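Throw the hints in and build the complete structure from the sequences for me.
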Amino acid sequence: MSDRAPGIGGDLPVTSNPSRWNSDVMQRRVARRYASERRFRRIGLFAVALSAGFLAFLLLSMVINGARGFTQTEIKLTVNFPSIAAGVTPAALSAKGGDEALSGLDLEGLAASEATAAYGENGAALLSDGAWLTLRDAIKSDPTLITRKGEMWVPASVEIDAAAKGRGDTANTRLVAQLKTNGQIKTGLNKTFFTSSDSTDPTVVGIWGAFKGTLLTMLVTALLAFPVGTLAALYLEEYAPRNRWTDLIEVSINNLAAVPSIIFGLLGLAVFLNFFHMPRSAPIVGGLTLALMTMPVIVIASRNAIKAVPPSIRDGALAMGASPVQVVFHHVLPLAMPGILTGTIIGMARALGETAPLIMIGMRAFISSPPTSFTEPATVLPVQIFLWSDEVSSGFVEKTSAAIIVLLVFLMTMNATAIYLRNHFERRW
Amino acid sequence: MASHKMSARDVNVFYGEKQAIRNVSIDVDKENVTAFIGPSGCGKSTFLRTLNRMNDTVVGCRTEGRIELDGEDIYASEMDVVLLRARVGMVFQKPNPFPKSIYENIAYGPRIHGLAENKSAMDHVVETSLHRAGLWNEVKDRLQESGTALSGGQQQRLCIARAIAVDPEVILMDEPCSALDPIATAKIEELITELRGRFAIVIVTHNMQQAARVSQRTAFFHLGELVEYGATADIFTNPTQTRTQDYITGRYG
Ligand SMILES: Nc1ncnc2c1ncn2[C@@H]1O[C@H](COP(=O)(O)OP(=O)(O)OP(=O)(O)O)[C@@H](O)[C@H]1O
Ligand SMILES: [Mg+2]
Chain A
1 MSDRAPGIGG
11 DLPVTSNPSR
21 WNSDVMQRRV
31 ARRYASERRF
41 RRIGLFAVAL
51 SAGFLAFLLL
61 SMVINGARGF
71 TQTEIKLTVN
81 FPSIAAGVTP
91 AALSAKGGDE
101 ALSGLDLEGL
111 AASEATAAYG
121 ENGAALLSDG
131 AWLTLRDAIK
141 SDPTLITRKG
151 EMWVPASVEI
161 DAAAKGRGDT
171 ANTRLVAQLK
181 TNGQIKTGLN
191 KTFFTSSDST
201 DPTVVGIWGA
211 FKGTLLTMLV
221 TALLAFPVGT
231 LAALYLEEYA
241 PRNRWTDLIE
251 VSINNLAAVP
261 SIIFGLLGLA
271 VFLNFFHMPR
281 SAPIVGGLTL
291 ALMTMPVIVI
301 ASRNAIKAVP
311 PSIRDGALAM
321 GASPVQVVFH
331 HVLPLAMPGI
341 LTGTIIGMAR
351 ALGETAPLIM
361 IGMRAFISSP
371 PTSFTEPATV
381 LPVQIFLWSD
391 EVSSGFVEKT
401 SAAIIVLLVF
411 LMTMNATAIY
421 LRNHFERRW
Chain B
1 MASHKMSARD
11 VNVFYGEKQA
21 IRNVSIDVDK
31 ENVTAFIGPS
41 GCGKSTFLRT
51 LNRMNDTVVG
61 CRTEGRIELD
71 GEDIYASEMD
81 VVLLRARVGM
91 VFQKPNPFPK
101 SIYENIAYGP
111 RIHGLAENKS
121 AMDHVVETSL
131 HRAGLWNEVK
141 DRLQESGTAL
151 SGGQQQRLCI
161 ARAIAVDPEV
171 ILMDEPCSAL
181 DPIATAKIEE
191 LITELRGRFA
201 IVIVTHNMQQ
211 AARVSQRTAF
221 FHLGELVEYG
231 ATADIFTNPT
241 QTRTQDYITG
251 RYG
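Those protein sequence lines, which keep their order, are chains A and B. Residue numbering for the first sequence follows our numbering, beginning at 1 and increasing consecutively. Residue numbering for the second sequence follows our numbering, beginning at 1 and increasing consecutively.
It is worth saying that the hints were derived from the structure and are not from the lab. Computed from a predicted structure; not experimentally measured. Every residue gets a Cβ at the ideal spot worked out from N, C-alpha and C, and that includes glycine. Check before you lean on any hint, since a few could be wrong.
[Said to hold, decoys possible] Label pairs and their calculated CB-CB ranges:
1. B/K140 - A/E37: 47 to 53 Å
2. A/S51 - B/K140: 47 to 53 Å
3. A/K307 - B/K140: 34 to 40 Å
4. B/R66 - A/L248: 35 to 41 Å
5. A/V228 - B/K30: 48 to 54 Å
Here it is, written out as structure tokens:
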């Protein structure tokens, strides 16, 4: 120990010349500082522009490709229903067992023969393979049709559809032009796309089945992951004793958030299907699997949000005589809610785009009717996109893009809702 | 002779291994303002927080000894901490209004304790509390605005109003004026003087003049011990201990 009193500059040499702020060295240093600041700003701007450019490119190419998927070319067909009625009356069709009577009718043959009659030898090739479905649906909604001739618009085949949209070969393009002058062809909004489900024929496929499947699956995920994730985070932050077990749980949750999604699919397969024998391909199983995947993300985000609530607010409430539960639900949770919702948005958005775990639990099956409950076989939008992108028929290309647009719109709607809720909580003060 | 509202006997407080309070015994009067003074880190806040068991929320904090409120042991297992804190209110060094409206800040305590039957009773509680805290005239037209949008001094008075809205028996204040300007400080001191007699008040302060102005009893803490406790006038003019003498004359701090 030295005897010298410690103090400012006690051991430091005191410089006699003061800083000269006007010196050249100092000026150069200032100039360098400004230059580096400008450089950093330019790099940042470049990064933002680059990502915005990618996003714009993605959206533009999707919209250009996908827009065609929302339209469908139709061909005019005059159908003489009585020719195949064979004694089936409107009353029989609307009575019980009417569907059976309907399926007994050779509508497929009728569509083909009428097309041949109207458009010549190759007339049947103009129509989509699923054209007869339009006839069936028409009779279903109006059984009296069976007693008379009807004029209908039925979907055109893939080749004709492509030609009508300006991308067919010369023969079909000429044919379409000819039909157009006769007023026997039109391209309009494809309502079928929004009302029907998967099919082998691209002209009659629809997104509704997958959309509904996604809706049901996401509902299960949200209803499970949000409350369980939030409550787990609350417990860990507010009640759990600080010990090795809590640390272990914390590490496990952090690791779970990083586990590849397909592993969750395997887990869902092993636990929900093989052990609990839940129905295969069902939204409930998909929802549960995705909830497992989403929960860690929500827990981590929620814990951070809860940690960020100032302790002074907690102390203030406790000192008023609020019980711990009251402190949590009256003060901590409302203040943490924006952060919790941000975590939920991220987690749900990831779950919405997930295919791998859902394929593991059988949601990649070919499902041609929309699910009516949580336990019926269903598929989801990303899986549907994956399936369609795999199809050979060229008509599926535009449907794939259209489905991607639907998925993006779904994502944006979901996020907008969550952001609205978050702002609602934030706006309060 | 004033009657005792709270009394502490042989209180020791530990943060883990470290002892922050050593064998403190003290009585808090019902009708008087009691000031705790002492150098930074001597344990004033720690001791104050034992009086409403706020130290329970600190991980690793342990309290020994006996503290009574009207003769009841507040650390007894039958004591309900929630009710205790309703009876012994607290105002913190840093104003900490809830991020809710001014009205909600005041109404929160009465609501959770069921002190107001209906809306008009609640309105009444809010108004009288704000009146008593000397804030009513400044905020009466903007009760629905955020409590955090008030100035620091107003926020602190809001916190005092919030504390008295539940009609406690004791109010503990931990350096309530340390973040305030002289005018806001004067208002709060005035307020303490007005509240005296209604509530037993304990105030921690670093400001000797403040202790002299508002309190009747003063306790001097040093290194976790209660060095001297007596009438404020005696402590400031005629301390019996040299440590007290040195501190109030500013020889160390
Ligand atoms: N949460 C805590 N954990 C561990 N030690 C603590 C904690 N709070 C306070 N202490 C210690 O206890 C002692 C007393 O602290 P306390 O806050 O009571 O002092 P104080 O007299 O209020 O000081 P000040 O006037 O600066 O507010 C200090 O040595 C401090 O380091
Ligand atoms: Mg303190």
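| message | Within 34 to 40 Å: is that where the Cβ-Cβ distance between A/K307 and B/K140 falls? | response | 37 Å, holds
| A/S51 versus B/K140 beta-carbon gap, inside 47 to 53 Å or not | Holds, since A/S51 and B/K140 (Cβ atoms, about 51 Å apart) stay within the stated range.
| request: With 48 to 54 Å as the target window, see if A/V228 and B/K30 comply at their CB atoms. | output: 50 Å, holds
| message | Quick check: does the Cβ-Cβ distance between B/K140 and A/E37 fall within 47 to 53 Å? | response | 49 Å, holds
| Taking the beta carbons of B/R66 and A/L248, is their distance inside 35 to 41 Å? | Distance hint for B/R66, A/L248 holds at roughly 39 Å.
Of the numbered hints given earlier, the model fails none.
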